[in-house]
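Start from the sequences, fold in the hints, and give me the full structure.
Just so you know, the protein sequences line up as chains A and B, in that order.
Following my numbering, the residues of the first sequence are numbered contiguously, the last one being 738.
Following my numbering, the residues of the second sequence are numbered contiguously, the last one being 241.
There may be inaccurate statements among the hints.
To be verified - Which residues of chain A face chain B? A few of them, derived with a C-beta cut under 7 Å, are:
no.: 1; residue: MET345
no.: 2; residue: ARG402
no.: 3; residue: PHE628
no.: 4; residue: GLN634
no.: 5; residue: GLN676
no.: 6; residue: GLY681
no.: 7; residue: PRO685
no.: 8; residue: ALA686
no.: 9; residue: TRP699
no.: 10; residue: PRO702
As the list claims (entries may be wrong) - Okay, derived cross-link-like pairs now, DMTMM-like style, lysine to aspartate or glutamate, Cα gap no bigger than 20 Å in a straight line:
no.: 11; chain 1: B; residue 1: LYS154; chain 2: A; residue 2: ASP695
no.: 12; chain 1: B; residue 1: LYS155; chain 2: A; residue 2: ASP693
no.: 13; chain 1: B; residue 1: LYS154; chain 2: A; residue 2: GLU523
no.: 14; chain 1: B; residue 1: LYS52; chain 2: A; residue 2: GLU631
no.: 15; chain 1: B; residue 1: LYS156; chain 2: A; residue 2: ASP694
no.: 16; chain 1: A; residue 1: LYS632; chain 2: B; residue 2: GLU51
no.: 17; chain 1: B; residue 1: LYS158; chain 2: A; residue 2: GLU631
no.: 18; chain 1: B; residue 1: LYS154; chain 2: A; residue 2: ASP318
no.: 19; chain 1: B; residue 1: LYS158; chain 2: A; residue 2: GLU523
no.: 20; chain 1: A; residue 1: LYS334; chain 2: A; residue 2: ASP214
no.: 21; chain 1: B; residue 1: LYS156; chain 2: A; residue 2: ASP693
Derived from the structure by calculation, the hints contain no laboratory data.
Computed from a predicted model, the values in this text were never measured in an experiment.
Beta carbons are placed, not taken as given, at the ideal position from N, Cα and C, and that holds for glycine.
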Amino acid sequence: MVQPVKPGGRAAESTSYRAPFLLLCALLFLSTLWALWDEGWGRRPWKATQARFNEVLAQRGLPPVDEGLRQVTIPALDVADRCQSCHLGVDRPGLESDEVPRVLRTHPRRDELLGRHPVERVGCTPCHAGQGLQTKGVGGAAFAHGRDDPYWEQPLRSRPFIESSCVACHASEREVPGAPLFNRGRALFEDRRCSACHSSRYVTTPAPAAPPLDRLREKTSEAFVVAWLRDPVKLRAGTRMPAFWPEAGARREQEPVAIAAFLGSVSEAASAPGSAPPTREEVEAGKALFDAVGCRGCHQLADEAAGPPEAGFGPRLDGIGARATRAWLQAWLKNPRAQFADARMPDLRLSDDEAAALAAFLASQVPAGEQPLEPRWSTPDAALVSQGRQAVLRYGCQACHRIPGLTPAGRPGPDLDDFGDLPPERVEWGEGRPACDFTERECWTLAKLRHPQALRRPGLDLVMPRFDLSDDEALALSVFLLSNRAQPAVPRQVSEASAAIAAGEQVMARHNCAGCHEVAREERRVGDEVQTTVRGGQIRRFYDDDALAPPPLSRAGQKFQLRWLFDFLHQPRRVRPWLSVRMPTFALEDREVEALLRSFAARSGQPFPFEREAPLLAGPGERADATFLLEKMQCARCHAVGAGRDVKPAERAPDLTLAAGRLKPGWMRAWLLDPQALQPGTRMPAYFFLTDDDDPTSWSTPYPNVLGGNATRQVDALVWLTTELGRQAPAHPEGAPR
Amino acid sequence: MTATRFLAVLLLLASPLALAEDAVGVVRGTVTLKGTPPKAPEVKLPADLAEKDRAFCTAKPSLVPPFYVTDKAAHLKDVVVWLTGVKGAAGPATPRSLVNADCRFEPHVQAVTVGDELKVVNRDPLLHNTHPVYLGDQSTMFNIALPEQGQEVKKKVKKPGVLKVQCDAGHVWMRAFVHVFDHRFHAVTGADGAFAIADVPPGKYTLNAWHEAAGTQTREVEVTATTPSQSDFSFEVKPVP
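Have a look at this one:
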């Protein structure tokens, strides 16, 4: 039965909706088709690139690649990269030439990097950042890696900043291989005491303390403090102290004056009144000491414009006489840690006379036309002092310096653990954006380091000072800062040996061992030639003869008995009486000494802490032969033997009786056979010779009638006898530190 | 027929060059000294010298080598002369020696070629120690002890440079110089101040002359196969280092 249909009823309603409904259906259908075309068959920029790639391959007679989207998925790194849909040549050698379009070329550091970081396991975005899934440009434009798209949270890194990525997986390594900018940046972050104000996820050691400010009235003058605060770099090139008032203004005029008044009010009064001007004899004696005892390992004078980097470890001392008083210098040299517990300056165990002479010499180092400093201070004015205290608190001086009456309160600056994830909307340019070719975030970081105050917005009070950074340093530091990201990573496992070496390096860097000692020597054979790379020990340029310079440490693991070295590092003793340079006392912590010993052992491939020594081929039965050899070879001409003997010859070589407790028998063997091989330049001559330069076992001896003319047995007999002499020797006067 | 004539002239010009391919020339000359050389330094034996050595060495004449050795005509001995820029084979290795005799090194100055064998000898009845150090990088070539009289050790010379030889066995006055070249175009002046570098391929070179105290001089020379190239040097006395 058909129901009668009322006019205006359901049927009429259906009719009136049908047309728009059908239209909508058609639109939906068409847009689905368009979307399918767009996503499936149609507009795909990478298709054209793949076609170009196949042309490049065809020109070289190579088979084409299959067309299709290429995606690498690595869940552990949170990576889904489609980059190789276009960058098809990245892992293919032979496409380096400029004729190949840039997008298709072989990775420029393929051999160095991709072997250890295969693209199928690492992808591209963990290093280069960017949006791995994105393959299209904005609004149909050509793909620009997000440079035109403010919604990319991580735009592709600019070239120098790619190094910011490495540390995510290489965090446990002291030096990230192949990332010199990053390494330099991290070293700068530590060295410039950035961590006193800011945290970083990759620098966890506390910032080295800056000099305490509790004895300023003795150390310097009020006028100097004011001038120093206004422009530290002008008064001492290379200082770590940043400029808090880099631009002219009322604050720059007033605040340094107030701070100096405040610091004067909390400083102890000078204990020693102004000292008499130094005599010429004192100055000359001090100069001789300065050149000889080892100061030049860490400090430079006006006579040296540029030295090795280690020589810049301590402050430059040209003009020191215009910055510090003689009385203060003398007290400081005599015992640095009495004033400053965390001082990097070690104790050189100077006598009172030596400290006085050195202080006299340093006090005489004033710029031309200036007078040695007089510690003049005005009577503090209460209002000014209070104003100064406020300024000190405002700038957070106590984050680096110990100031009487102020407690060091946390880090005054913002945490930078996630600085590399800084959201794009927080990048604010303040007074303007300088020209810069990098990404927004990279440019902003550089600009902030170069001119912190320029990024000030109206109403925002910035206290970040300006550090004296070269362009390269600012770039390196920016690379380091932007590496601080919350980022999934697969930490690289480092071997126990390289971890030990790295930990030792850190201790050596902290105390600048390389300023005086050769700390590493690598020999590489290139064709016929042996290329030697040496690190540290440049202080030898001040000594006529290598034998007068501090001994090398590059083979310390093979050389020293660890127990002896442990004691020596804690309390250095005089081993080489003929040296004028002296091993200072560093007040090392036990864990530092252990790290050093472990690293020496690891570097020499020695087990730690004990090792089994190969038995000697000689013993008491060979005593007569060994004594004959010791006599004939005239060892005692240069070596003292025990305390009882006239020690004059010891001007040339260490006491033989020290060897028993100090040297490893294996080292003594190798040393007797070929001293130059172990310590180039040593004055210890060779007594045994290879009959065939190419056969390292063909040792011959000048004494063919002793022990069957066997050089190895003769050496072992000498090692045995030397050890015996050491055991019998009475307590040695060298036991007392000098 | 200008073209033919031109060709003929060219051939004529070129023929002596073609013939001279194997021909070699000689560079020779004499070195003289201007000024009065300082007196030979006084012998001061170090206080810590072993008694045996003191007794033996003190009796020897002219223990300390003088800085300037000249004859009556002021000809200067022990000047090393060499050419730079010559291309030529090093030639066969020559045996050389450095002798410790009468508490001195003999010869005082010599020039050797890389690949030569240097025989180090001790003729004295006491411990000598021979330690050549490269001037410049201060690196040690070798450092050997010769405790026995008559002892000999042979060392192959491998790296070019100027070596100052010292004895660390307390004989601080002993010194000698060994110039090591990577070619054989070098000579040392004898007592008559004369030198000659033979078998030099024709060409333009720099001629260098070095004296331990008077310094170094250089000049440009042209060597032909026909006439010897004569180059005389005149050094002035300088204060002894």
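Evaluation of the provided hints:
1. Here the hint on A:MET345 is broken, as its CB sits about 29 Å from the closest CB of chain B, past 7 Å.
2. Violation of the interface hint for A:ARG402 is found here, the shortest Cβ-Cβ separation to chain B being roughly 44 Å, above the 7 Å cut-off.
3. Look at A:PHE628: its Cβ only gets to about 12 Å from chain B, farther than 7 Å, so that hint breaks.
4. Of the supplied interface hints, the one on A:GLN634 holds, with its beta-carbon coming within about 5 Å of a beta-carbon of chain B, less than 7 Å.
5. This hint holds: A:GLN676 has a C-beta 6 Å from the nearest C-beta of chain B, less than the 7 Å allowed.
6. A hinted interface residue such as A:GLY681 counts as satisfied when its beta carbon comes closer than 7 Å to some beta carbon of chain B; here the least separation is about 5 Å, so the hint holds.
7. A distance limit of 7 Å between C-beta atoms decides the matter here; for A:PRO685 the minimum to chain B is near 4 Å, and the interface restraint holds.
8. Hint status for A:ALA686: holds, given a least beta-carbon distance of 5 Å to chain B, under 7 Å.
9. Checking A:TRP699 against chain B: minimum C-beta separation of about 13 Å lies over 7 Å; hint violated.
10. Look at A:PRO702: its Cβ gets to within about 5 Å of chain B, closer than 7 Å, so that hint holds up.
11. Of the supplied pair hints, the one linking B:LYS154 and A:ASP695 holds, its CA atoms being roughly 15 Å apart against a limit of 20 Å.
12. Distance restraint check for B:LYS155 and A:ASP693: the Cα-Cα separation of roughly 9 Å lies within the 20 Å cut-off, and the hinted pair is therefore satisfied.
13. The hinted pair formed by B:LYS154 and A:GLU523 fails the criterion: a straight-line CA distance of about 25 Å is larger than 20 Å.
14. For the hint pairing B:LYS52 with A:GLU631, the CA-to-CA distance comes to about 14 Å; that is within 20 Å, so the pair holds.
15. With a CA separation close to 12 Å, the supplied pair B:LYS156 and A:ASP694 stays within the 20 Å bound.
16. With a C-alpha separation of about 16 Å, the suggested pairing of A:LYS632 with B:GLU51 holds against the 20 Å cut-off.
17. For a cut-off of 20 Å, the pair hint linking B:LYS158 to A:GLU631 is broken: about 33 Å separates their Cα positions.
18. With a CA separation close to 50 Å, the supplied pair B:LYS154 and A:ASP318 exceeds the 20 Å bound.
19. Of the pairs offered as hints, the one joining B:LYS158 and A:GLU523 holds, with about 17 Å between alpha carbons and a cut-off of 20 Å not exceeded.
20. Note on A:LYS334 and A:ASP214: the hinted pairing holds, with a Cα-Cα distance of about 18 Å set against a maximum of 20 Å.
21. Proposed proximity of B:LYS156 and A:ASP693 is supported: the alpha carbons are some 9 Å apart, at most 20 Å.
Of the numbered hints given earlier, the model fails hints 1, 2, 3, 9, 13, 17, 18; all others are met.
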